[in-house]
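Trainee: Same order as they appear, the protein sequences are chains A and B.
Counting in my numbering, the first sequence runs from 1 upward without gaps.
Counting in my numbering, the second sequence runs from 448 upward without gaps.
No wet-lab data here; the hints were simulated from the structure.
Note that the coordinates shown come from a computational prediction; the quantities given were computed from them, not determined experimentally.
One or more hints might be untrue.
Some residues of chain A that are not near chain B, with every Cβ distance over 10 Å (derived) [to be verified]:
| hint | residue |
| --- | --- |
| 1 | 110 |
| 2 | 117 |
| 3 | 341 |
Only pairs whose alpha carbons sit at most 25 Å apart, straight line, appear in this in silico SDA-like list of lysine to any residue [claimed, not checked]:
| hint | chain 1 | residue 1 | chain 2 | residue 2 |
| --- | --- | --- | --- | --- |
| 4 | A | 130 | B | 775 |
| 5 | A | 172 | B | 581 |
| 6 | A | 77 | B | 740 |
| 7 | A | 130 | B | 581 |
| 8 | A | 172 | B | 617 |
| 9 | A | 130 | B | 536 |
| 10 | A | 130 | B | 740 |
| 11 | B | 528 | A | 429 |
Don't be surprised by glycine CBs; every beta carbon is placed ideally from N, CA and C.
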Amino acid sequence: MVKFPNGFSRRTVLKGGAALTGAAMAPTVFVRHAFGAEFRNNPGSNATVPFGFNVPQTGAYADEGADELRAYQLAVKHINGEGDGGMLNTMTPKALKGNGILGKKVTYVTGDTQTKSDAARASARRMIEKDGVIMYSGGSSSGVAIAQQSLAQEMGIVFMCGLTHSNDTTGKDKRRYGFRHFFNAYMSGAALGPVLEKEMGADRRAYHLTADYTWGWTQEESIKNTTEGLGWETVAAVKTPLGAGDFSQYITPVLNSGADVLILNHYGKDMVNSLTQAVQFGLRDKQANGKNFEIVVPLFSRLMAQGAGENIKGILGSTNWNWSLQDAGSQAFVKSFGQEYGFPPSQAAHTCYVQALLYANACETAGTFYPPEVIKALEGFEFDGMGNGKTLYRAEDHQCFKDVLVVRGNQNPTSQFDLLEVVQEVPRSQVEYDPSIFGGELGPYEA
Amino acid sequence: MQSQNARQDIILSALFSVAVLTMPIWLQPIGAAYPDLMQKFAIFGLFAIGFNILFGFTGYLSFGHAAFLGVGSYTAVWSFKLLTMNVIPAVIFGTLMAGIFAALIGFISLRRSGIYFSILTLAFAQMSYNLAYSVLTPITNGETGLQLRQQDPRVIDQALGVVPEAGLPVTNLFGFEMQGYTGFYFCAILLIIGFIIALRIARSPFGMMLSAIKSNQNRLNYIGVNTRPYTLAAFVISGMYAGLAGSLMAVTDPLAGAERMQWTASGEVVLMTILGGAGTLLGPVLGAAIIKYFENIFSSFHEAALLSAFDFLPDWLAEPVASVLGLFVGEGWHLTLGAVFMLIVIFMPGGVIEGLNKLVSLVRRRPDDTAPAAVQQPHSAE
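Construct the entire structure; sequences and hints are all you get.
Mentor: What follows is the structure in structure tokens.
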């Protein structure tokens, strides 16, 4: 037993500690109840509302992240009525007036997801708890999007997904507070199928290399279903770690596997590396089973095409949007993005820009920032003039349905940005599916 | 003398508890008083305290401590999935599992000391990371990370008849939801307990033995002391602290990813400890708080915010100032941290604590007192 000369005993210390804990806890109890009366981060009578833009600034998807951030900044400008308005001029139906949302100007905070679920959620929590954002958005990986989406449901703050292509995002992991404008792996498969059959025939042997996380898994599954439906055979499907850098150990076995098509379920720098190495290993000059060896990259983007350079030429894939589209909405967006930054936007930029506008528009329509009302305004919302033709935000799974582009690496690019040639604009009806096939549950409106 | 020290320890613990529990108040002015960041302060404080028992007290530099953090997290999430959303079993199992893991790794790694020990632990941590990332995908869910599902069995909750709400269940302590401020206080109380245990260890005969090992292990061996049990005990205790920190991460945010085990995470705790002051009691907690503050606050600044902060300057000046400073915030926060770390290691090798001690002795020094103040015993954290 320790003795205290000036008379305060262990008991006193313990008592003091307990009293102190109680005193420190007390205010939070009151705060919690004060909160319960309304909803989290209610802007109330503030003159501004903050958005949170949580994008990868480092890691395998950093290029996409940087472009997403540019698009968000542009979207904030347009919502606030600065600049030339971009897609606000072409969007129908539209409630936004170009004076912010419900008369409040939009501000923003940014964060780095590092393409890690942990870091993304920490960054999102910071935005919600400290900066008081009313909505957050962004991301370039499905794993991260799913993690943030479930946080959104816990916190009661709407998350507008950025680039995420996994079926799970609006499938088995869908959430009431998460919305996805981007297309998904299932739609890629449905759009690519007929084109692959036309170009390569119905008798092929495919070898998959797949990024080992939710997006890779679902894309592999969807593409496999499609190609096997055409009559193709799947030789093998090999998982590769995300951000591997060197894929030679995975590509060497392809040469002697008896396959004649390599399907790369990779994205971002991974895809640039694996495609470059596959081409360097001479896969494309090879003959197998009496046919030309082909490479397919189911999810394509212009940024990746830029990274892969020459190697991308002639390679088939699908994409959500491309800046060369001629509709008025795409043109308006490309014009204002080009004026601001000096080059055309990527598909990641497009989807993020549209998401920010759609959320703002839903608040304006609902006449409130109260999330359940905003969510109801977004569910089943059908709009046009934002690229990809007439688009529906399906209420059952919060997935957007719109035309999908099948593209090919351009053989004769006219500029350093003219890298993708649109082979076909696959109509929305061809890629639609029944929401029940992926299961999952949205959860309640009240978080 | 003994009672004098004991009294000082009590005062130190009391002050520490007050400082930790009142964080929501005094962190307000620097913009850090929001629950997520304060939870991180407490969690990484625990992690660093535990690391310091091995590195600061015993002199063994482990480069693989993140492995135990990850084990703690995975165990805790599995406890949420299989047993109950109550945090008590999660924390207990997470700590124990990390302890078992540490005993295994420590048993092998501690056959060597110095740089070889560091390399061995690094190798083990990298192995655990790769296992979690790909081989053990059924247990860890690989890159996607282990997450809760509505359909998880949760046998104890089922047996007790807890009615599942719509949406994902929330971690709780007998009904108190472990999010926001309540989550922070839970972590803070564990941090205080962890701090007091570390203090008791430092003052115990066992702690004396650890410092003896740090100062000259050969001499101990020559006089016939077997040091292995002591180092292994220190390693396991330290691993359990890491496991506790890992399970708390899962408590405040029920999700576990392999990146928690990556070598960068192991390096981070080394930085925290050195930055704050290795071997001191308060240093690691301070170091952890400084690094987490930089990571969360500096990375959130962006150029537009800087521009508006400098709009009192004329335009031709504000733009260049903002663009130069912009290099050090946002994605450039590592740069700022690196610069701060270098400055501290060069000018205050004892970390922030040494700097504070220097300040205190500067203020206290009398004109006739010419003794150099920099030479301090390692346990001078007071």
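Trainee: Are the hints correct? Go through all of them and say.
Mentor: Against the structure, the hints come out as follows:
1. 110: Answer for residue 110/A: violated, closest chain B Cβ roughly 5 Å.
2. 117: For residue 117/A, whose nearest Cβ neighbour in chain B is about 5 Å away, the distance does not exceed 10 Å, so it is violated.
3. 341: Per Cβ check, residue 341/A is outside 10 Å of chain B; nearest 14 Å; holds.
4. 130/A / 775/B: Holds: residue 130/A and residue 775/B sit about 21 Å apart, inside 25 Å.
5. 172/A / 581/B: 22 Å, holds
6. 77/A / 740/B: 30 Å, violated
7. 130/A / 581/B: 35 Å, violated
8. 172/A / 617/B: Holds, at about 19 Å.
9. 130/A / 536/B: 31 Å, violated
10. 130/A / 740/B: Distance ~13 Å between residue 130/A and residue 740/B Cα, so the pair holds.
11. 528/B / 429/A: 40 Å, violated
This entry does not satisfy hints 1, 2, 6, 7, 9, 11, going by the numbered hints stated previously.
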